[in-house]
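So the sequence lines, in the order shown, correspond to chains R and V. Using the working numbering, the first residue of the first sequence is number -11, and each one after it goes up by one. Using the working numbering, the first residue of the second sequence is number 30, and each one after it goes up by one.
Honestly, the hints are just simulated from the structure, not real lab data. Think of the CB as a built atom: it goes at the ideal place given N, C-alpha and C, for glycine as much as any other residue. Hints are not guaranteed to be accurate.
[To be verified] Listed below are the simulated DSSO-like cross-link pairs for lysine-lysine, each with C-alpha atoms no more than 30 Å apart in a straight line:
1) 215/V / 287/V
2) 121/V / 205/V
3) 215/V / 32/R
4) 205/V / 26/R
5) 317/V / 26/R
6) 269/V / 32/R
7) 26/R / 476/V
[To be verified] Incomplete in silico selection of chain V near chain R, CB under 10 Å:
8) 68
9) 70
10) 72
11) 286
12) 289
13) 314
14) 321
15) 461
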Amino acid sequence: MMQPKIRVMIVEDEALIAMFLANLLQDAGYEIVGPFSKVETGVKAAGTEAMIEAALLDVNLGRSTVFPVADRLAERNIPIVFMTGYGLQGLPEHYKAWQVITKPYTPSMVTEALARILPNSSILLQHAG
Amino acid sequence: MTLQSDAGSRPLGVWSLKLDLLQSPAAVRYGLAFLYVCLASWLRWILVLDNAPFLLYMPGMFVIGFLLGQGPGFAATLLSAIASDYIAFERKGLSFWAPSQIVTSILFILICGGLVLVCDALRTALLARRSDLLSMSTSNASLMESQAALEESEAFLRSTLESSPDCIKVLDLDAKVMFMNGPGRKAMDVVDFGKIEGCPWPDFWHDEYNEAAGVAISQARAGITSRFQGQCLTVAGVAKWWDVVVAPIRGSDGQTQKLLSISRDITEQKHAEAQQRLLNHELAHRMKNTLAMVQAIANQTLRRSGSIAEARNAFEARLIALGKAQDLLIATHWESAELHDILRNALAPHGIDTGRFSIEGPDIRLSSRCSLALSLALHELATNAAKYGALSVQTGRVLMNWTLYDDAGLTRMRFEWKEHGGPAVQAPSSTGFGSVMIERSLVGYFKGTADIQYPPDGARFVLTAPVTRSQTDFSSGEAEVLAAGERVLPTKVDIA
């Protein structure tokens, strides 16, 4: 029997980058929820989508930030990887403990960050290995 | 010098005229006394005043005693007594040594000597008074002079204070406001100075700035000048930024007597700094995003290319298309670009001026990201057309038009790219970067729909997207602007 894929939510407003991110995660064996390009759709999905195990969030969405989505995910104890062009300085204090990767990133930077926040990452790495 | 000192010097002028005879040499004074005695004796001789032998001599003694001093006075007295006796002897034959004659002469000498002494004393008194008056008038004049100088320096200081655009305040040692210059009152929206006079100056500042103001005051009290920047509300409640210097004002003993506070309004500068920070932030963000976009393009290009050589050519062409699209946005500080300009710019490498393209539609501005995405999509469409479609033959043409239409009360745009006159079209067997870019990416940027079809007479691409009507346009100054896709808004700056 095939093991169910890990579902990862993506919020990224730059469609080309979102596409790239989705491709690299699919190649790494994840299932994609999204990508969402707006805060509203992201918040909605964060509240309603079942079985999200991790999320990749682009910090800046046009003139707004992704934090409402992050808040919603945090309520559900879903681990987050933030992606930003600014580095840590744009992040509120309580999110600084999460994984942050800066743009541009390599596929391995993304998969490694995900592996670090996923509880069953050792199994995943074993499978990947 | 004022009027009063003039009035004081006029009587002095008269005194000096009279009393200055005293300054003459002794010979002159004695000579004058002698001349007087001669004159009086001559008059007595010709007028025959035997019943009043000393009549003509007496008045002269006053004048001589007063004007010429004691010496000439006594000399004139003696001479007069001798002259009078001699005349009496000549006229009446009275003996020079007759007892009555001697007694009369002695009396005359005593009286006249007394007169001379009195007049001399009077003169001395007058001289003393004159010197008093002189010194009084001198001190009066110097007083006036220093007062005038004081007034002048006060007027200078006042005009200096009023000329300064800074808010200048004088505080007492308890930091209570005693004075505020006119421009300062204006800057702080103070209509009635009485209402803030005596208020503690640090109370104008809040939070950390209140603390900074307190520190500056203690420093100034200790004789140290300090400086800080802070935000404070004007009396009317307008938040302004100030660059503040607080300094001690020392008395003549070197002790700090008052405090000086000079505040310069730096609100505009702070706004400009915030704007600059925001721009830098934006620029950094865009640069990183552009790099990520280049990475995505590279990834997609490699993923969908048959060979390394093909991938390299396609990637280079796409980078150039991206670069040209950015050129257009730089002109509007990365805010937006007009659709006609985007088309002309993106299709310039594909012969926009050869008459093979037809462009028709109203002016519409696109946000920076929609502009970039559409430029890349147009590059893919034109590249495909040049390889397989209408642009691969001389007769082929590309028609582009866009219109606005109403959809359930909202305005939408419909953009169409239509090729014709080319070879018979076959739908591509695999999904290339172009179709991924168009069908997935473009939809994301424009929040609309995108569709590409390959009917035999020529490829057809249709994009529909919501259009916002905006009243403000910062770049062209047009009253109404149509913007497709995301909203195009002017940058707003908030200062913390």
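Against the structure, the hints:
no. : hint          : in the structure
1   : 215/V / 287/V : holds, 23 Å
2   : 121/V / 205/V : violated, 100 Å
3   : 215/V / 32/R  : violated, 52 Å
4   : 205/V / 26/R  : violated, 54 Å
5   : 317/V / 26/R  : holds, 19 Å
6   : 269/V / 32/R  : violated, 41 Å
7   : 26/R / 476/V  : holds, 10 Å
8   : 68            : violated, 116 Å
9   : 70            : violated, 121 Å
10  : 72            : violated, 120 Å
11  : 286           : violated, 48 Å
12  : 289           : violated, 40 Å
13  : 314           : holds, 5 Å
14  : 321           : holds, 4 Å
15  : 461           : violated, 14 Å
Checked against the numbered hints given earlier, this structure breaks hints 2, 3, 4, 6, 8, 9, 10, 11, 12, 15; the rest are met.
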